[in-house]
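Enquirer: Listed below are the residues making up each chain.
Number of protein chains: 4
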Amino acid sequence: MEHTFSPTTYWNTLGPHQPVLEVADGDTLVTTTVDARGFDCDRKQVARRGNPMTGPFAVTGAEPGDTLKVELNSIVPNRSYGFTTASVAPNVVDPEFVPELPPADLVEWRVDPGAGTATLVAPKPESLGDLVLPLDPMLGCFGVAAPKEQAISTATSGPNGGNMDYRGFRQGTTVYFPVFEPGALFFLGDGHALQGDGEISGNGVEISMDVRVTLSLIKGQTIGWPRFENDQFIGTAGNARPLDQALQHATTEMLRWLQSEYGLDVAGANLLLQQCVRYEVGNVFDPAYTMICKIAKKFLPSTGA
Amino acid sequence: MEHTFSPTTYWNTLGPHQPVLEVADGDTLVTTTVDARGFDCDRKQVARRGNPMTGPFAVTGAEPGDTLKVELNSIVPNRSYGFTTASVAPNVVDPEFVPELPPADLVEWRVDPGAGTATLVAPKPESLGDLVLPLDPMLGCFGVAAPKEQAISTATSGPNGGNMDYRGFRQGTTVYFPVFEPGALFFLGDGHALQGDGEISGNGVEISMDVRVTLSLIKGQTIGWPRFENDQFIGTAGNARPLDQALQHATTEMLRWLQSEYGLDVAGANLLLQQCVRYEVGNVFDPAYTMICKIAKKFLPSTGA
Amino acid sequence: MEHTFSPTTYWNTLGPHQPVLEVADGDTLVTTTVDARGFDCDRKQVARRGNPMTGPFAVTGAEPGDTLKVELNSIVPNRSYGFTTASVAPNVVDPEFVPELPPADLVEWRVDPGAGTATLVAPKPESLGDLVLPLDPMLGCFGVAAPKEQAISTATSGPNGGNMDYRGFRQGTTVYFPVFEPGALFFLGDGHALQGDGEISGNGVEISMDVRVTLSLIKGQTIGWPRFENDQFIGTAGNARPLDQALQHATTEMLRWLQSEYGLDVAGANLLLQQCVRYEVGNVFDPAYTMICKIAKKFLPSTGA
Amino acid sequence: MEHTFSPTTYWNTLGPHQPVLEVADGDTLVTTTVDARGFDCDRKQVARRGNPMTGPFAVTGAEPGDTLKVELNSIVPNRSYGFTTASVAPNVVDPEFVPELPPADLVEWRVDPGAGTATLVAPKPESLGDLVLPLDPMLGCFGVAAPKEQAISTATSGPNGGNMDYRGFRQGTTVYFPVFEPGALFFLGDGHALQGDGEISGNGVEISMDVRVTLSLIKGQTIGWPRFENDQFIGTAGNARPLDQALQHATTEMLRWLQSEYGLDVAGANLLLQQCVRYEVGNVFDPAYTMICKIAKKFLPSTGA
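Residue numbers (this note's numbering), protein chains in the order written: chain A, 5 to 309; chain B, 5 to 309; chain C, 5 to 309; chain D, 5 to 309.
Each hint should be verified, as a subset may be incorrect.
Which copy is meant is left open, because identical chains are indistinguishable; a pair holds if it fits in one copy or across any two.
Stated by the list, open to error - As a list, the in silico DMTMM-like pairs of lysine to aspartate or glutamate whose alpha-carbon atoms are at most 25 Å apart:
no. : residue 1 : residue 2
1   : K48       : D269
2   : K48       : E153
3   : K301      : D116
4   : K301      : E6
5   : K128      : E265
6   : K301      : E130
7   : K301      : D140
8   : K302      : E6
9   : K223      : E6
10  : K302      : E112
11  : K128      : D31
12  : K48       : D31
13  : K152      : D269
14  : K128      : D109
15  : K128      : E153
16  : K302      : E75
17  : K48       : D140
18  : K223      : D134
Since the hints were made in silico from the structure, they are not lab data.
It should be emphasised that the depicted structure is a prediction, and the values quoted were computed from it without experimental measurement.
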């Protein structure tokens with residue numbers, strides 16, 4: 005079944021909040037998200053800044069210990085105004101280089117989903133000339149209610165997802181989250197028309213979105229960290245600081261996955277992963293950083309899921 | 005001019021050692037490297053284990069403050085025996101997962117440069133079946149003499165390069181190193197027939213190589229960290245722990261590069277990099293980790309180098 | 005005014021929960037805390053494990069942007085049974101040393117507040133003989149409701165305090181917290197009869213406590229991280245991972261403090277702190293680590309607060 | 005036997021350099037060190053800046069796998085001029101706070117060993133008034149030749165010691181180093197009249213010293229990291245980044261020590277250390293940071309060394 009939902013309230017934490025809608029296992033949801041500062045498709049502020057979330061959506065029957073499967077069917081900017089800030093963040097450069105950074109002023113982009121482009125509008129550094137970049141729409145922050153009855157700010161991330169800012173969370177990707185609360189309680193927002201790795205200015209090209217996702221349950225499958233797959237890769241996301249620890253979480257989760265679902269023993273999982281692993285960097289701006297661990301499907305045993 | 009050099013001595017540190025050969029600016033060097041344990045093309049141990057280096061090669065006229073340009077013309081395995089170890093390293097998984105890792109036994113691979121494949125030979129985990137991976141030959145450890153008259157182990161890396169284990173240092177890539185000693189003193193070794201990101205078992209498929217490189221100087225150009233380019237990207241390498249600091253070094257070096265050679269002011273460099281940056285993970289096994297910061301050439305201002 | 009409060013409910017998060025009692029600015033609170041697993045003075049489990057908190061207590065008039073002053077008048081174990089676990093945590097030793105750690109079994113201690121001792125009961129490693137340690141009672145986890153309407157697990161810490169496990173939070177110390185919610189909402193629990201630095205096994209000698217604290221407000225004084233003072237030192241607590249970042253938070257907060265309240269300009273604060281600073285390690289077990297930055301009062305300008 | 009040695013050459017790396025003197029096991033050495041910028045007791049520059057070292061001194065019979073015992077008999081400033089820099093380092097404050105730091109200008113101190121004081125001379129921030137601090141002379145950088153035939157800059161530290169900048173390395177402390185080269189090759193320098201924890205400005209009160217040390221061997225005892233003892237504590241030093249890893253090294257070394265020399269099994273060592281450990285911060289400015297792990301002698305089993 006497909007539900008069309010127009011949000012009127014937003015949350016800035018991922019926690020055990022009252023669901024705005026309950027859907028059945030396998031249902032599809034068509035909804036919208038506002039931008040990171042709470043502005044909607046009409047560039048009107050309708051929510052508090054700091055990655056306000058649409059949701060939460062409860063999935064009937066979801067219980068702690070299950071896995072929520074989220075198919076990202078479609079993520080499309082629903083307006084033309086996008087914004088970033090002008091400087092990379094102090095934490096991604098050498099400490100002694102920080103005084104050389106420019107002010108973190110707001111920068112405007114014009115997004116054209118039809119043409120598939122984002123064009124820098126203003127302020128436009130003279131030295132840069134015209135800057136037109138290809139769109140690659142994605143969700144920066146989405147996930148389920150946090151573990152231990154916590155309500156965690158959408159400025160950060162954890163085992164339940166959140167503000168991971170990974171470019172790979174685009175249309176066509178399926179993401180899996182561990183369920184910590186009855187109903188799972190799915191939240192989504194913080195769309196980017198495109199972004200560089202790490203979201204190193206603290207921003208992609210921030211924009212409101214039309215989103216279509218399908219939510220389903222894997223009953224009784226317990227995972228430790230977000231997992232995902234697309235047509236070419238399976239992957240895991242570890243969220244922590246420093247990056248070293250995020251990488252440890254993601255690598256451990258992948259070794260577990262290879263063993264639990266791809267028929268590999270510990271020796272097989274270690275040998276395969278070590279020579280085939282690819283890492284990618286999600287967010288390196290927030291309190292928790294995100295590291296992605298992935299492996300091409302073509303190298304997985306054919307007995308796999 | 006092209007020099008063919010057959011090494012008879014090897015170094016396990018990158019330091020101000022006596023050059024084995026002096027070449028002119030622009031000369032090409034055809035030589036061989038032994039594997040990480042010091043075994044040559046005949047699988048005979050001719051050097052001490054721990055990434056023994058061929059070299060150093062002095063380049064006439066190189067002085068501290070210059071840049072050494074190294075074109076990786078060709079890197080080809082010169083035998084069929086390759087090895088790895090069976091387990092990923094304890095530092096890339098969660099601390100509490102370490103006891104679940106298998107023993108780090110030696111694993112044999114058969115490398116076929118003609119077919120472009122590496123095939124797992126033994127011990128072969130039953131669960132894994134046949135494992136045949138595409139070759140992607142590269143140098144794990146190479147660079148110039150370290151700064152401050154240090155001699156630094158080939159087990160680690162620094163501003164002068166060293167054991168960075170980045171998959172992108174393959175045939176067709178040009179790498180730039182800051183010069184710290186007269187003659188620059190170029191070393192090379194630690195070839196991998198292929199490797200996963202991070203060299204997370206402490207090994208790629210380790211093998212001896214036939215290598216062809218062209219060495220030239222950029223007089224008076226002072227850089228802070230290794231830089232590289234290939235047909236699609238320009239990139240920088242930061243070497244440090246944790247990965248966060250390696251990323252800071254690499255990002256800072258890229259911002260400097262964009263300003264000094266691509267005609268961008270600080271505002272332009274910040275805006276361009278933040279939305280176009282790609283990070284890759286080099287070594288995450290050694291005392292110093294390696295993070296790569298890169299940007300596609302197609303996004304660079306046309307006034308660039 | 006003094007309030008005696010007997011808790012019947014407990015929280016495992018620090019968040020905007022309904023206060024159990026509202027007290028006036030300057031009031032004193034006499035209450036009890038259960039141990040980290042929720043056992044009370046009769047060794048009866050009355051709360052869920054994971055540092056259940058007594059509270060929250062609202063302070064009339066407290067508003068975001070104020071500071072809550074907490075005088076730790078008295079912290080006294082109210083039973084004789086204490087416990088720890090037998091092993092240090094995997095994250096505080098070298099990754100390759102982890103397999104050598106013993107099992108993390110529960111260990112029993114007998115606490116005698118009269119004699120001022122904790123005596124190891126069982127299991128008692130033969131090699132160790134009798135182990136009698138001096139008591140040094142403290143609160144491992146206390147603080148106010150988290151910022152941004154979050155509810156944060158008592159397994160970790162942040163700007164609002166939480167599970168900092170710092171030995172210096174003992175009787176006679178005054179602690180200051182930034183207020184993020186109306187009423188401040190003060191929580192307390194996780195008493196330790198004593199502990200080593202870092203709480204490296206994840207436990208001090210865990211025990212229930214009788215606690216007496218005085219709560220008062222500093223209206224309009226906004227601080228960034230917990231601060232404290234005792235008869236000899238003033239100090240700050242930074243909570244983050246890695247320790248490097250916790251140290252950055254604590255050092256920055258101290259520099260701000262020296263400037264805002266001790267009449268120092270930035271040059272004076274830098275010069276004084278650099279040669280007089282003392283660091284101590286709070287928790288190194290939780291998701292966020294704690295680093296303490298302190299300076300002896302005898303070195304502070306006499307114009308100070 | 006006692007040797008009086010007046011240095012005429014200095015090294016800026018700890019490596020396998022030609023010894024300036026060979027002494028017997030148990031001999032005492034009376035010598036001098038220059039300050040971190042190479043200025044001697046007459047404030048004349050006689051060595052290159054960057055912690056120039058007196059030495060190396062070979063100890064007859066020292067072989068890799070032994071331990072060198074260094075008794076710090078006496079460390080006394082031999083002039084009155086000391087210096088620091090005016091600002092704490094960018095890496096010890098929050099990245100966004102860096103632009104608020106003052107310039108890192110040179111600051112002069114007057115050191116009076118007779119009175120036991122260091123007095124700030126100029127530039128003297130008006131807000132600070134007179135600043136007179138108690139002397140606590142120590143060696144910032146000392147140790148033996150590095151492992152693996154490396155020559156490591158005196159700007160950093162490792163298993164062989166080096167620039168650890170720990171306040172506890174003062175007169176009366178005995179320090180133990182692993183021997184990596186024949187003769188051990190002991191170096192010393194970088195005296196501080198006093199310093200704050202972490203050497204957070206990159207400087208203590210830097211000064212030249214008269215030093216008296218006794219060097220002896222523990223044949224066949226192999227240790228992993230520097231160890232030390234004074235009248236009250238035994239301790240270990242871990243050198244790495246981030247601090248978390250330095251702490252892991254130091255903690256692991258202490259657990260090994262408690263087992264190998266204090267008659268404890270793994271269970272006893274874990275239980276004792278976890279409740280009695282004290283951590284201190286050495287250098288947090290250099291490429292490698294230093295964390296100290298210590299335990300009071302009064303808690304050690306009486307069967308101990």
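Enquirer: If a hint holds in the structure, say so; if it doesn't, say that too.
Expert: Evaluated hints:
no.	hint	in the structure
1	K48 x D269	neither (54 Å within a copy, 34 Å between copies)
2	K48 x E153	between (32 Å within a copy, 24 Å between copies)
3	K301 x D116	between (33 Å within a copy, 23 Å between copies)
4	K301 x E6	neither (30 Å within a copy, 43 Å between copies)
5	K128 x E265	between (50 Å within a copy, 20 Å between copies)
6	K301 x E130	between (45 Å within a copy, 19 Å between copies)
7	K301 x D140	both (22 Å within a copy, 18 Å between copies)
8	K302 x E6	neither (33 Å within a copy, 41 Å between copies)
9	K223 x E6	within (21 Å within a copy, 52 Å between copies)
10	K302 x E112	between (41 Å within a copy, 22 Å between copies)
11	K128 x D31	neither (44 Å within a copy, 43 Å between copies)
12	K48 x D31	neither (30 Å within a copy, 46 Å between copies)
13	K152 x D269	neither (32 Å within a copy, 37 Å between copies)
14	K128 x D109	within (12 Å within a copy, 37 Å between copies)
15	K128 x E153	neither (45 Å within a copy, 37 Å between copies)
16	K302 x E75	within (21 Å within a copy, 32 Å between copies)
17	K48 x D140	within (24 Å within a copy, 51 Å between copies)
18	K223 x D134	neither (51 Å within a copy, 33 Å between copies)
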